[in-house]
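The residues making up each chain are set out below.
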Amino acid sequence: MNDPMMVEVKDLHFARGSTEVFRGVDLQIPLGKITAIMGPSGTGKTTLLKLIGGQLTPDRGQVLIGGQDVHKLPRRALFKLRRRMGMLFQSGALFSDLDVFENVAFPLRVHTELPNAMIRDIVLMKLQAVGLRGARHLMPSELSGGMARRVALARAVALDPDLVLYDEPFVGQDPISMGVLVQLIKKVNQALGLTAIVVSHDIKETLSIADYVYIIADGKVMSHGTPRTLDVDEDAHTRQFVHGEPDGPVPFHYPAPDFYDDILAPAGQFS
Amino acid sequence: MIDRIAALGRGTLDVLMAIGRAGLFLVQSVFCLPSREGFYLWVRQMHFVGVMSVAIVLVSGLFIGMVLALQGYTILVGFGADEALGQMVALSLVRELAPVVAALLFAGRAGSALTAEIGLMKATEQLTSMEMIGVDPLRRIVAPRLWAGFVSLPILTVIFAVVGIWGGHLVGVDWLGVYDGSYWSNMQDSVDFVGDVLNGMVKSLVFGLVVTWIAVFQGYDLVPTSEGISRATTRTVVYASLAVLGLDFVLTALMFGDFG
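Residue numbers (the numbering used here), protein chains in the order written: chain A, 1 to 271; chain B, 272 to 531.
Hints may contain errors.
In silico contact screen, one side only, chain A against chain B (beta carbon under 7 Å); selected entries [said to hold, decoys possible]:
id	residue
1	S91
2	L98
3	F101
4	V110
5	G131
6	R133
Quick caveat, the hints were computed from the structure, so don't treat them as lab data.
Values in this document were obtained by computation on a predicted structure and should not be read as measured data.
Cβ atoms here follow ideal geometry from the backbone N, Cα and C, with glycine treated the same way.
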């Protein structure tokens with residue numbers, strides 16, 4: 001890990017109400033690589049992306065992007081920094097009042113002074129890359145979930161950003177769209193040389209494209225390494241997660257009283 | 272007991288924090304620099320917020336003017352003062368009914384729609400994705416809507432008053448037989464431009480700002496779930512209506528309450 005760091009997360013603490021989501025997370029995301037952040041549902045992976053993107057403010061710790069502390073930047077400077085970032089949302093988050101073409105053109109229209117003809121060429125190139133050039137006139141409500149996410153990917157890379165954040169890109173996709181997305185993320189990363197952070201719990205797909213993986217559980221980084229080293233890791237948490245074992249350090253059951261007592265509880269004492 | 276005091280304290284803090292957030296939100300949105308694109312977005316919102324509310328304002332204004340004339344006539348005719356009908360209809364509308372009823376209708380028609388629209392954008396992460404693209408949603412989504420509401424309610428109020436006076440004429444003059452000349456001339460003599468018309472416009476400007484502010488803030492600040500959206504929409508209508516009625520009293524007291 002001697003590459004120059006694009007994103008550094010240092011001693012990150014964050015709580016929602018009385019629930020501690022992160023208790024000292026340290027991450028180093030190298031330039032031009034795909035780094036995966038994985039962990040069971042509810043460990044705050046999306047929250048971590050929002051902290052990196054500056055939408056949430058940590059209770060303690062820092063997020064540095066290209067050396068700049070995201071949470072110390074004034075609002076205007078933060079928005080300027082975000083122009084160099086793209087984010088693919090779990091839901092796609094396309095603007096429902098704009099068609100596919102205008103959704104992809106949106107970042108270009110607001111951040112560049114390019115003439116319409118050039119914007120059209122760029123948008124068509126991005127849509128061609130995700131295979132939806134023919135769907136340019138459709139509205140977001142007319143797209144399937146997989147198509148919406150591909151349009152969102154085209155929009156996320158419309159400005160050729162330096163950093164792309166992927167929030168659960170594979171969730172709820174059929175095998176074909178899933179394969180397409182895996183290929184696209186890899187291709188986009190190689191073609192544009194951008195740094196990617198993929199947050200996911202789809203192990204097989206994520207490990208197939210990631211250069212480096214962090215596994216988060218209980219508000220901390222449980223383990224990290226290349227996909228190959230994680231596969232043979234003996235740590236109980238890592239093994240349970242990577243091999244999909246139902247019970248282990250992460251319990252299958254939500255904390256509950258003894259099952260036997262619960263079933264046989266006398267009437268009137270039901271809780 | 273201690274729990275109750277703690278809950279009261281927490282509740283008060285929540286309310287104060289919400290007011291603080293709403294205040295910051297207003298300042299950040301209202302003072303966005305106008306741009307050519309901002310003007311285009313504002314015109315679009317004027318259509319959705321203002322033009323689309325014209326129909327309901329026309330119909331309500333007409334009926335309220337008609338009812339005013341009918342009720343006013345039955346009382347005034349007893350004193351042989353039915354010529355003062357024009358004056359009564361115009362003053363009631365210009366000073367009170369047009370600003371207040373138009374604002375209440377506006378809160379129900381445009382306010383709830385604004386809250387639901389912005390809330391849905393929040394729930395589907397459109398606001399977040401806009402932030403991540405580096406576009407400030409306060410500038411692009413909130414400011415045009417806020418300004419559209421601020422500008423369109425006074426115009427709707429004028430339309431309401433004009434149609435109401437015409438409705439009063441329809442019932443008073445055309446139906447009940449009040450003399451046409453006295454309907455208009457009494458109105459002309461008694462309605463003062465600064466004291467009545469301008470004061471009514473000041474009211475509707477204040478209502479426009481407050482109703483739209485409540486509507487967009489409720490949308491922006493809601494819990495992004497379907498239940499959150501429905502609650503926030505209800506809150507918009509309730510808070511905005513109460514604010515309009517309360518402020519109406521305060522403004523009326525300030526404008527017309529000088530009896531000394």
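Hints versus structure:
1. S91: holds, 6 Å
2. L98: violated, 10 Å
3. F101: violated, 16 Å
4. V110: holds, 5 Å
5. G131: With a minimum Cβ separation of about 21 Å from chain B (threshold 7 Å), the hint on A:G131 is violated.
6. R133: Hint violated; A:R133 Cβ to chain B Cβ min 21 Å, cut 7 Å.
The structure is inconsistent with the numbered hints 2, 3, 5, 6, although it conforms to all the rest.
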